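Number of protein chains: 2
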Amino acid sequence: MKLIDRLHQRVMEKGHVCLGLDTDAAYLPEDFRKGFESDAAAVLAFNKEIIDSTHDIVAVYKVQIAYYEAMGLAGMETYAKTLAYLREKQAIIIADVKRGDIAKTAEMYAAAHFTGDFEADFITVSPYMGMDTLEPYFPYLATGEKGLFVLVATSNPGAPDIEGLIADDQPVYLTVGEKTAKLGEQFAGECGYSAIGGVVGCTNSQDTQRIRQRLPGMFFLIPGYGAQGGTASEIAHYLHKGSGGVVNSSRGILMSWKKPEHAGKSFAAAARDEAIAMRDDILFF
Amino acid sequence: MKLIDRLHQRVMEKGHVCLGLDTDAAYLPEDFRKGFESDAAAVLAFNKEIIDSTHDIVAVYKVQIAYYEAMGLAGMETYAKTLAYLREKQAIIIADVKRGDIAKTAEMYAAAHFTGDFEADFITVSPYMGMDTLEPYFPYLATGEKGLFVLVATSNPGAPDIEGLIADDQPVYLTVGEKTAKLGEQFAGECGYSAIGGVVGCTNSQDTQRIRQRLPGMFFLIPGYGAQGGTASEIAHYLHKGSGGVVNSSRGILMSWKKPEHAGKSFAAAARDEAIAMRDDILFF
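In order, the protein sequence lines correspond to chains H and W.
If you read the first sequence in the working numbering, its first letter stands for residue 1, the second for the next number, and so on.
If you read the second sequence in the working numbering, its first letter stands for residue 1, the second for the next number, and so on.
Any given hint might turn out to be false.
Identical copies go unnamed one by one, so any copy, or any two together, can satisfy a pair.
As the list claims (entries may be wrong) - Calculated cross-link-like contacts (lysine-lysine; reagent style DSS-like; alpha-carbon spacing at most 25 Å): (1) 34 to 104; (2) 34 to 48; (3) 104 to 48; (4) 104 to 259; (5) 81 to 48; (6) 2 to 89; (7) 258 to 104; (8) 182 to 2; (9) 265 to 48; (10) 179 to 104; (11) 81 to 104.
These are computed hints drawn from the structure, not numbers from a lab.
What you are looking at is a predicted structure, and each value in this text was computed from that prediction instead of being measured.
Using the sequences and the hints, build the whole thing.
Structure (structure tokens):
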């Protein structure tokens, strides 16, 4: 079964939660953290407990590489070991690396994140330099075993600066989305979605409806639930046919042990309960 | 002296060459490569010999992280050691990482590439998500010790897809360039250039003239000399007041030992002669 079909199936079985392992050592309970020689070791142990506690109820994990790069070589080792642990648990992994380069350099990024120590299933990519930034990944996509999420429409304050500019009578993000969808047709799975998905944020409901309407076959990675303010009602516009995308929450789950309603639970138990509540919030909206 | 002033001074003294350490093990002479236990070790030794042989005649080095990520953890160690060796030689380092993210994630990238194991002087960044992707780097820039090169106008085949779209009556890349230049004003050095520079490719001379005219205070990182087909006559439009930018060559220098005119020289001697020829080609155009 192709990767995109496996992801689709997991969403149908387990709901839409993408758990973001954007793990800053500062998110860890102090008592836990101080039991380790280094922050990199503490983060790895924390990630493993979170994964053990949630892998049966989340669709996919997204690992944000920036948090690991910030810890230097020890952090990269923790990154590699986190990915290896996820693979051991048969989890699907999105590496949130947002790489964007061309030609031989993009080939190197593809080798870096689709093989070897940093192997993931999906990676996020940034299209600023143009759609030829995507081509070096295609040989991996053609195997059916790998996929991309291309930055399309984000909801940060700066999104209007480039994504929101109007060219050819529509926002740049729609043009990017349409060009991405066209390239993705050749990598469609049985489920109808392509192995080239798109990252789309939660903005206003008019935009989200238009994005979904114009990109019907695109599987979405939707950040911003919880900590960044996205709600299930906005997200609902992106999801259809019971699938359509996954919704990421990172800090909201990783730091849920701090919330009064989880008082007395371990961080791993709190994360599980928080992820279940998020899943149900989206499923039953 | 601020970083951008030091870079300006080096260009005035040594010319415009930016030597790109985009080192693929396949670029190494076979006899040299097979003397090492691993490609990562061979690349590090190769880089050191190239650096020893060129640091007095090039303005700056650009290290393309993708080539090191592709070698996994061992590659990241070679990356860190290459940067450390450059610092030891008092070289100025551009880390070509093209990171582009927002808020806390961008803070993590800033910490990753401006401190610790992967510390560089300048890093390249991708602005697709908007100008707020740059702000987390500003505290480092404010010290006068760090700088950015923002992707503005590249010359790859896909550049028209986003950069070249016409919005507000001008190409997106000019809007990006102008917004970048405005943010850069607060980080201007004595030399008149800002610590926020721009990456601009060699396209046609009409475009290059317009880019320089509209972005007079921007220091440029110009890729594409040699292997990618840029010529000194196109580059000349970008350079003014004897400075204005640096011109990168990677493969053209690293693999110059294969050229007939360098037959019988070591790879390090060939690289030096090739870099000198490039410097003079640009200086005396």
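Hints not upheld, ascending by number:
Those not satisfied: there are none.
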